[in-house]
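Since the structure of chain A is already known, use the hints to place chain B on it.
Protein chains: 2
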Amino acid sequence: MTRQDAQGFDLADPLARFGDAFDLPKGVIYLDGNSLGPAPLKVHERLEKVSRHEWGEGLVRSWNSARWIEAPGRVGDKIAQLIGAKAGEVVVADSTSVNLFKLAAGALSLRPGRKTLLSETGSFPTNLYVLQGLTHLLGDRAQLKALAPAEVVAAIDEDTAVVVLTHVHFKSAQRWDMAAITAAAHAKGALVIWDLCHTAGAVAVDLNDIGADLAVGCGYKYLNGGPGAPAFLFVAERHQALIQSPLWGWMGHATPFAFEDNYRGASGIRGQITGTPPILGLAALEAGVDLQLEADPARVEAKGLALADLFIAEIESRGADPALKLASPREAGQRGLHVSFSHPEAYAVVQAMIARGIIGDFRAPDIARFGFSPLFLSYAAVWDAAHAMADILAARAWDRPEFHARAAVT
Amino acid sequence: MTRQDAQGFDLADPLARFGDAFDLPKGVIYLDGNSLGPAPLKVHERLEKVSRHEWGEGLVRSWNSARWIEAPGRVGDKIAQLIGAKAGEVVVADSTSVNLFKLAAGALSLRPGRKTLLSETGSFPTNLYVLQGLTHLLGDRAQLKALAPAEVVAAIDEDTAVVVLTHVHFKSAQRWDMAAITAAAHAKGALVIWDLCHTAGAVAVDLNDIGADLAVGCGYKYLNGGPGAPAFLFVAERHQALIQSPLWGWMGHATPFAFEDNYRGASGIRGQITGTPPILGLAALEAGVDLQLEADPARVEAKGLALADLFIAEIESRGADPALKLASPREAGQRGLHVSFSHPEAYAVVQAMIARGIIGDFRAPDIARFGFSPLFLSYAAVWDAAHAMADILAARAWDRPEFHARAAVT
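If you read the sequences in order, they're chains A and B. FYI, the working numbering numbers position 17 of the first sequence as 17, with every residue one higher than the one before it. FYI, the working numbering numbers position 260 of the second sequence as 260, with every residue one higher than the one before it.
Hints in this document: simulated from the structure, not taken from any laboratory. Please note: incorrect hints may appear among the correct ones.
Claimed, not checked - Each pair of labels, with its calculated beta carbon distance range:
id	chain 1	residue 1	chain 2	residue 2	range
1	B	H186	A	F403	17 to 27 Å
2	B	A266	A	F403	29 to 39 Å
3	A	P112	B	E151	32 to 42 Å
4	B	T255	A	P112	30 to 40 Å
5	A	Q240	B	G139	17 to 27 Å
6	B	D159	A	T121	31 to 41 Å
7	B	D261	A	Q334	20 to 30 Å
8	B	K188	A	A258	29 to 39 Å
9	A	A394	B	S109	51 to 61 Å
10	A	G139	B	D20	25 to 35 Å
11	A	Q240	B	H186	25 to 35 Å
12	B	D159	A	P365	45 to 55 Å
13	A	G27	B	D261	37 to 47 Å
14	B	A258	A	G139	26 to 36 Å
Even glycine gets a Cβ: it sits at the ideal position worked out from N, Cα and C.
Next comes chain A alone, as it looks inside the complex (with noise of 0.2 Å):
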């Protein structure tokens, strides 16, 4: 594929209007918004409001006259629309760590007399350390099994009270089939919770069609809520009545305001939120969902996959370093919108990109991980690109002694 073909893809790219939507700084290719979006332009302007105008004018009066209460219901509902679930499934609330906790308890609580937490290794951590922490608190009523990802489903059994995968692996990109593990966990009576942190606003999901019960998810990738934005978690409507989260607070009470010394749950997915809602957070994140609503999901993924798809045969096409291997599915319906390359000298790649305004990822030891937002990226951008990392790799600069003599000094 020559530049000028990629620049035809652009002026056909229903999405190309989304890319003055935000703000990136001139000659940046940024490849990293899985790790953290980028700010949406309208994210300053209402940062500014929030901050000015409800908070320094309204005061505490912004709680309802800007209706700052209703936020993390409403930021949910909008977020629910992206996900294939209904308004009052999803709640913007805490991390995606704790939401985790929440529900992972709440899956013991829908499954009395079930024991197993089953899940995988290898995949973004902090779920693992949830459930051994959840595990760990509970001692002999709950255990965890962590599988490797090709062992899980058949581990699957009369006493797995709930099954928590990545629905997108945090470095492969590797996607489950959703639809098939929920169908496999619910033949044997558990449950299912997916982590769809690298999943909304990236790749199309309809959690109700397919029957999910449970997800949780970060507002700050491709949905684009800023740095260490709160995360929201979904509770299929059929499951709230009985679901117990294990943290209990003011915020999550049948009736907030009348101060009662006793915990009475709110009915439906308010039930789930324990303190008190995070506004600048969730204003941020209301910002990056209202324009992620703007763009229909399906094209969203089939963008994300076609630059990803040309970024992997631009570098191929230039004759790769055989050091160079795929660590992502060359199937582009088995990923997400990411890809990773393991190369020895990953890192040195990497820096070298960055050096050039090229933002990618680095994952220890030996990955060099490159995300496809499809909301900002433009298919001339990744060509670029992919022939600045394939010139890189040519370089082989890291051959060079006088390259690890400056690499130490620096």
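Quick look at chain B alone, frame taken from chain A:
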């Protein structure tokens, strides 16, 4: 006292200069900084810098270049200076409720063999909710005793793992004697968790001086950290090696970026962090804390108590409505920095004051609550507020039928 006397106090007030450091609407007397502190003027530019420069231009690089990753500990160290803690004993994370869950479970881990969590009824209820949720989760491995405040101390016994008390009561402002309670608990081998929501930035405390074990507190009251600001928690250095948070997440791992499958908690206070830090909330909180650090805590407390005394005295000197009763301790040393009155028409009184630009708080069923944040309130403003309230009480608008007719339609 005349208004001129009050103005004389302002002229002599070493904290008066802080009045210009806050963004408060003209004509408003804000007596609700104990619910949501107002915006420091500098917070607006700080948020704009984070949004446009650090997030917009710096993108993912700002985790290091803008020191985002250090923010929970850095802001924690600053809060430590306000509450008599050492660097490394305080961290900013999550909400007050979630932090209490972590420390209450952590206290059980520090006192194996003891099952009782002891707390008070009638205080801000999220604390009881959190403890109820934790004991519900742990089944017969823990129990909650929630007693009337007067019965708490006598109930500390050999089975008490931890006593959970709110230092300054959210309605009455009644203070616990932190030193005496802590000593009484230690005498029985129990720990104490202090809730400092209405204390930090208001009442001068010295956690290490009194041998405090554990504490939590919120960022959005007297620390002026913004709506839903992240909360803080304190773990005395001597407990840090053994305490275990039940919420294991990647940011509390000894080496988060090694992506190991097994949790190894970070040593020190960082082991109390769970998910990715909320950078926008932390930035706003840091601006509020930075301002607070410029004031001497003892002076802050003394002025707040003097303002409250002035308010009580002026209201009462006007020949108070006999239905108006002080619902806070009369003696300043027994109080935090807010004052509550009970009145059968408290709701109407608070609404009438708000209509005159004096923002206080109604707390069901019959409490009018007024906070006296020392950094931005002048003696003259408090004098004005007291006389406005006395006027409203004298006018007795609620005795006229048209008042209720109007209230019914608005």
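The hints, checked one at a time:
1. H186/B - F403/A: 17 to 27 Å: violated, 60 Å
2. A266/B - F403/A: 29 to 39 Å: holds, 34 Å
3. P112/A - E151/B: 32 to 42 Å: Distance hint for P112/A, E151/B holds at roughly 35 Å.
4. T255/B - P112/A: 30 to 40 Å: holds, 37 Å
5. Q240/A - G139/B: 17 to 27 Å: holds, 23 Å
6. D159/B - T121/A: 31 to 41 Å: holds, 40 Å
7. D261/B - Q334/A: 20 to 30 Å: About 23 Å separates the Cβ atoms of D261/B and Q334/A, which means 20 to 30 Å holds.
8. K188/B - A258/A: 29 to 39 Å: holds, 34 Å
9. A394/A - S109/B: 51 to 61 Å: Given range 51 to 61 Å: holds, Cβ gap about 55 Å.
10. G139/A - D20/B: 25 to 35 Å: violated, 56 Å
11. Q240/A - H186/B: 25 to 35 Å: Given about 44 Å between the Cβ atoms, the range is violated.
12. D159/B - P365/A: 45 to 55 Å: The hinted range 45 to 55 Å holds for D159/B and P365/A, with Cβ atoms some 49 Å apart.
13. G27/A - D261/B: 37 to 47 Å: holds, 39 Å
14. A258/B - G139/A: 26 to 36 Å: Roughly 28 Å apart at Cβ, these two residues keep to the hinted range, so it holds.
The structure fails hints 1, 10 and 11 (numbered hints given earlier, in ascending order).
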